[in-house]
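There are 2 protein chains.
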Amino acid sequence: MRFQQFAAAVLVLGGTAMTATSDEGMWLLNDPPRDRLREKYGFDLTADWLERAMLASVRVNSGGSGGFASPDGLVVTNHHVAADAVQKLSKPGRDLYADGFYAPTRDAELKCPDVELNVLREIADVTAEVNAAVKPDMKPAEAFAARRAVMAKIEKESLDKTGLRSDVVTLYNGGLYHLYRYKKYTDVRLVFAPEQAAAGFGGDVDNFEYPRFGLDVAFFRAYENGEPARTPHFFKWSETGPAENDLVFVTGHPGTTNRLETLAKLKHRRDVTLPYTLYRLRTLEAALTQYGEQGPEHHRQATTDHHRVANARKAFSGQLQGLLNPAVLAQKFADEQRLIARFSPAVPGPPPETWPLLPPWQTIADAQVKLRGFEKEYGLLETGHAFFSDLFAIARHCARMADELPKKSSDRLREYRDSNLDSLKFQLFSPAPIYPGLERAKLTASLTFLAENLGGEHPTVKLVLNGKSPAARADELIAGTRLADVAERKRLVEGGKAAVDASTDPLVLLARAVDAEARRLRKRYEEEVEEPERQAYAEIAKLRFEAFGRTVAPDATFTLRLAYGTVKGYEVGGEKLPFHTTFGGAFGRSAGQGGKEPFDLPKRWLDGKDKLDLNTPYNFVSTADTIGGNSGSPVLNRAGELVGVNFDRNRHGLVRNFVYTDVQARHIAVHSRAVLEALRKLYAAGPLVKELTGQ
Amino acid sequence: MRFQQFAAAVLVLGGTAMTATSDEGMWLLNDPPRDRLREKYGFDLTADWLERAMLASVRVNSGGSGGFASPDGLVVTNHHVAADAVQKLSKPGRDLYADGFYAPTRDAELKCPDVELNVLREIADVTAEVNAAVKPDMKPAEAFAARRAVMAKIEKESLDKTGLRSDVVTLYNGGLYHLYRYKKYTDVRLVFAPEQAAAGFGGDVDNFEYPRFGLDVAFFRAYENGEPARTPHFFKWSETGPAENDLVFVTGHPGTTNRLETLAKLKHRRDVTLPYTLYRLRTLEAALTQYGEQGPEHHRQATTDHHRVANARKAFSGQLQGLLNPAVLAQKFADEQRLIARFSPAVPGPPPETWPLLPPWQTIADAQVKLRGFEKEYGLLETGHAFFSDLFAIARHCARMADELPKKSSDRLREYRDSNLDSLKFQLFSPAPIYPGLERAKLTASLTFLAENLGGEHPTVKLVLNGKSPAARADELIAGTRLADVAERKRLVEGGKAAVDASTDPLVLLARAVDAEARRLRKRYEEEVEEPERQAYAEIAKLRFEAFGRTVAPDATFTLRLAYGTVKGYEVGGEKLPFHTTFGGAFGRSAGQGGKEPFDLPKRWLDGKDKLDLNTPYNFVSTADTIGGNSGSPVLNRAGELVGVNFDRNRHGLVRNFVYTDVQARHIAVHSRAVLEALRKLYAAGPLVKELTGQ
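Sequence order for the protein chains is A and B. Going letter by letter, the first sequence gives residues 23 to 717 in the working numbering. Going letter by letter, the second sequence gives residues 23 to 717 in the working numbering.
These aren't lab readings, by the way, just hints derived from the structure by calculation. Worth double-checking, as some hints may not be accurate.
Any copy will do: because identical chains look the same in the list, a pair fits if it lies in one copy or spans two.
As the list claims (entries may be wrong) - Here are the simulated BS3-like pairs of lysine-lysine, each with C-alpha atoms no more than 25 angstroms apart in a straight line:
hint : residue 1 : residue 2
1    : 490       : 289
2    : 398       : 289
3    : 289       : 484
4    : 430       : 183
5    : 564       : 289
6    : 289       : 161
7    : 205       : 178
Excised from the complex, chain A in its bound form (with noise of 0.2 angstroms):
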C-alpha cells in the first residue's frame, strides 16, 4: 500500500519535487538556479540582474521583505509589514492603522521609533573555518560553545572591518556557515500606508485564501544622516504589472521551512510541537480578542498584535492539516529512503518502511525523545511563552545584560554578541508606546497558560505566581513596574549589575528568580538537541551534496533568497481561479457580505468608486516558491522590474513548508497597476507617484 499513497502523494501534491521542471526553491543568491531558468523559461540570469536583486532588496528586521523602489530611500513593503510601526505611530484619536496616512512631502514623513531594515551586501563562505572549530571529539556541550564561539568572532571581525552588520548564517540545518554583511537603516520613515480595511480587506475569513482584493502595500523611506539614503539599485515600478503565464521572480526574506527535516522531526512536529503551538495561540488570541472587545479603544491597542496571532494560527492551523494529510507524509518517507537508499546496504526483501535508520537520522529521531521530555518547560520560561509581555522582555533583556556584558563576546548567549548589541539596543530603547491594560491581558493569559500546561504544584508556577492567582499576578507585575519608561531601561543597562541587583522592579524581579531555570533548558536544548541535529544535519547535507548535488535550495532562514514562477491561475472543485482579481471584484465581495467587518471598504473607496478604472487588476497569484517572511517580497518580471508586491500564499501554500507543490499552491502579490491606480484615484498621492513612475 506504501506506493499507492505515494501516488496519492503525487496527485495530491503534483509531486513535483525536486524534478527539472519545477518550480520549487527558495534560492541562495550566490547559488541560483541558472540552469533551471536556461532550461525551463528560457532565461539568462545575468550578473547584473542578480546584483540588483540583492541591493535593491531589502529586509525588514521585524520579520518581513521589501524592495527599494526609487533612487531616493523609498522602500516598498506589506501593510501588515509596516503595521507594527503604523500602530507605534498612533496614539488615542490618531490612528493611522485603521485610517491610513500620506505625507505629500518629505517634512510630513514620520519617524518610525524602532524599524530597522537590512539591505545585503555580500555573502562569504565560511564553512571551513566554522568546521574547524569544532572538534570530532568534543561533547555536544563543548562543540556548542565552540560553534557559538568562532561564529561570533566571524561576525566581529567582519563588523570591525567593514562597520557593516555581520551575521554567520546557518544553511542546510548545518551543511554549510555563509556571512551575510548588511547595510543597516535605522532611521526609517513612513510615508504611505492605507487604511487597515483596504489593506486586511477579508481579514482572518480571506486571509490565506484566494480570490482575494487587498491593497497590502505600504512605503517607508530609509534616511541617513538626517537625509533620504541614496539607493541608486532600486527596482523600476511596472506601469503594465505581469501577464498570464508571465515568468516572475520573487525576493526576499523566507522565514522558515522545514522541508530538509527527518521524518521523525516531522512527526516530533505533529504531534508535539504543533498542538501545543495552536493551544498556546488560541489562547493569545482569544485573550487578545476579548480585550480587543471591551471598546474601541481597547480594540485600537489590541488590533496588531491580534493580527498577528490570527494569522500565526491560521499558517500552523494549515500545518498541521498538511502534517495530518498521510499523503504528505508519505512523500517524505518517499524523498527520505531515496536519499537512504543510496547509502544503505542493498537489504533484499524488507520493504523500506522495515530498514534500520542511518546513524544521522537515528540521532534526530533520538533528540525528539529527549526533546519531548522539556520542551514545554524550554519554551515556556526560556522562549518566553509564560510571558507575552513587551515588558517582560524588557526585563529579561536588561536582567540577563547584566550577566552576559561583562563576559567575552564570544562567551555570551548569541543575542548578545557583540555583532547584534547595537541592533538589540535599538529595539530595547525604542520610545513606542506600551498600554498597560493591554499588558495586563496579555500576561494574564500566558501565566495562565504556563499553569495549564505545567500544573498548580510545579515549583516554577509557584516561584512565578508567588501565592497568586495568574490574574491577580499580572495585575501587580504590570501596576508596579517602571520599565514602560525608556530612560529607566537605560539606567539599568548602563547601571549594568550594580543598578539590575538594587532594582526592586516586580518584573526585573521575576526575570531574575526564573533565570536560572529558563538557562538551564535552554542549555539542556544547545546540548541534547540543537548539537546532535545540527551535526546529524549537517551529515545529511554531505549525502545530499554527493547524492544530488545543489539541485535542492537549503531550507529558509530569514535571509535573502531567490525564488522564480509562473504566473498562473488554479482550479479549485471544477472552478477556475483567473490569475487576478480586479478593483470590480473587491466592491462586489464586499457588497457580497453586506459591507460588514471585515469585508467593509474605507469611506475613501465608497466614495471614489466612480473614479476607478474597475478593471484594473488588483492581486495576482504565481507558482513562486514563498513563505512567512517572504511578506513585502518584489515581485520582478525578466526586466528587474517591479510587477508587484508580495503578501500571501492561499491555502495550499500552507503545506508548503513540507513540500512545494503548484497544483493548486500559490502566492499572491498586490498587481504594480493597482499601486499606481489607488496612489492616483483614492490618495490623490502624486508625488509618490511621480518617484515610482517618473510622471
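For this one, chain A is given, so just place chain B on it according to the hints.
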C-alpha cells in the same frame, strides 16, 4: 504560614462558609434551611410556601430553569436559556434570535421543536434501597452495575406506577439517593423573546460582570393535549420588585458545584481537567468565530453555539483562576482538616498537612492518579469531545440503541434506560435544522483537536481520520451522511440492529468503528474512578453528617434547590456598586462604547427611549447562592411573588463552584419591573402584561 494563608482566605473570600449567618447553600426542597431562615431573617418557611416553590418551578431540560407565571402554563425563563429554541425556530431571512419575537395571541405562539420542561412533583428517599443492592464484597465493576441496575429498576417502577418521569438522583456525591418524580411537558411554544442585542447586551465582555444591563428573559407556554396547560401553582409577578436589603429566594436547578470534593480532586481539576477543558473550549470558540466571520448567514447559524461555548470558556477560566489562588485551596484544606481531625487519631506535634489521609480521601486521591492516565481519551472518545457535531451525536445514538435496547433496561447504558427513552427520542427525532457547513467546521475543529491530543500515530486517530487530514475527513463525513433527515434516524432506530448493521452512512460507520474503544474507556472510568469515588464520598458524607449533621447542602446536581440571600450592592476597589442598575444606565453604557456591538441597543430601544421611564430598575444583585443551571430561576420575595429572573453571577461568584463567599460575589437578575416596563413601552405586549399582572 499555613494559618496566615487561611487568614488570607478568610479575608479574600469572606470565609463565611458553614457559619450560621452565611447565605450559603443550594438546599433540597425536602430538607430546607428552616432554622437558618428563622434565625437570620425571622422568616418562617411554611409548607404552603415550599409547595408552591416546588410546583411552580420549572426545569428546562436542555440546561436551565424557569417558573410558571400564570395559571395558563406561561413560563418565564432567560433569553439565553430559550436561545436554542429561538435559533431552531429561525431560518435564513427570519432571524428570531436577532430580531426578537412576540405572539400577541395563542394562535401565533410557535411550537418549539425539542424543548422539554420538567416540573418536580414528589421526592422520596431511596438511599437504603440503593445501598442494599451494593454488597460490601463486590468488585467496583459489580458494584457499579448493581447500583445502576437498582436505580433503573426504581425508576422504571415509579414510571409505570405514576406515569411521571422518574430519576434517582445521587446527592452528596453518593451520600444519599433520592427519587425525583417530574411532570413533563414536551409541547412547548414560544411566546416572547426580545432581540439578542437587548437580552445579551454587553456580550462576552459583560458576561459574568456587574453593573449589568440585560433583558435576559423569554416566555414559553406549556401545552397539554393542544391546550395551554393548567398550572394553578404559579408565581405572581411583582409590580414593584425588590428593595435594598430585602430577603429573596432563588428556586431553580443549579448544575454542578464541587464544594464537597476533596483537595486531591480539586487539584486534579486545576492541573488536568480544567486545562484540557479550556484548551478544548478555546479551540471550539475559535472555530465558531471563524465560521461566523464568513458572512451574515454563517454568523446566524453559529451564534448560539458560539455563545454557549464562550460562556463556558469564561466560567471555566474563572474556576481555574480560583483554583490557582492559593487562598481558595487553603480554605478547602482547612475545611477538610476540620473534618478529618474529628476522626483522626490525635497526632500531637506534626502539622496537619503532614497527616496521612484517611482511607476515603486516599481512595479519591488514588483515583485521580488513575484518571490522569486516560482522562483525555475518555473525554475525546466517550464524552465525544472529538466529535463536536450534532450529526455524530445522532449517529452514535442510533448505533448504540441498536445494541442497548434489546437488553433489559437495568443492564443498559444509563441514558438508554426505559425511564429516559421518551426524552431521548424526543431530542433524537427533533426536526430542528442542522447546517452542514457549521457541522463541517465543528467537526473539523474537534477532529483536529483529537489529533492534537493523541498524536498522528495513535490507533484511534488513524481509525477516525481514515487516511485523511481532519478537514478532509470532516468534509467527507458530513457530505456523505443522511442523518440530517429525521426519517432516516427513525428508520435506523426502528429497524434496530439489522438496519444499523446494513447502514453505509459514514457517520454511523464511524460511530460503530469507535464504539468498542469508547465503551472500554467508559467502563474503565466507571470502575477505576466513578465507583471508587462514589463509595469514598459516601463514607465522607457519613462522617460529615455525624460531625455536622445536615448543616451543609449537597453539591448541585441539576435538580431543584432553594437558595436565599439579601439584595445588596458591593464594593470593588473603593467603588460602591449599587444593588440595581437602570434603563438609563443601559443607554449610557451603549453611548460610552460608541453603540458598537456588543453594546448596540436594538432599533426598537433607540426609537422608544423617550417612552421609557429611564429610572426603572433594570438588573439587581443578591447574595443568594447560585451557579450555572440557575439561569432563568425565579427570584421570589417573602410573599413568594416573582421579583426577578436570575440570569448570571458576577466574576467574584465564579469561584462559587468551590467555595461560597458573599463579600463581593453576587448573582444577577432582571428586575420584575423592568420586564413589565419593556413589555408595555417597547414591545406593545399588552396581552402578556395582562396575563402577568391581571391588568
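Now for the hints, and whether the structure bears them out:
1. 490 with 289: between (38 angstroms within a copy, 16 angstroms between copies)
2. 398 with 289: Both: 16 angstroms inside a chain and 20 angstroms across chains, each within 25 angstroms.
3. 289 with 484: between (33 angstroms within a copy, 14 angstroms between copies)
4. 430 with 183: within (19 angstroms within a copy, 89 angstroms between copies)
5. 564 with 289: Within one copy only: 23 angstroms inside a chain, 52 angstroms across chains, cut-off 25 angstroms.
6. 289 with 161: This pair counts as neither: shortest intra-copy Cα distance 27 angstroms, inter-copy 42 angstroms.
7. 205 with 178: within (15 angstroms within a copy, 84 angstroms between copies)
Violated hint: 6 only; the structure is consistent with all others.
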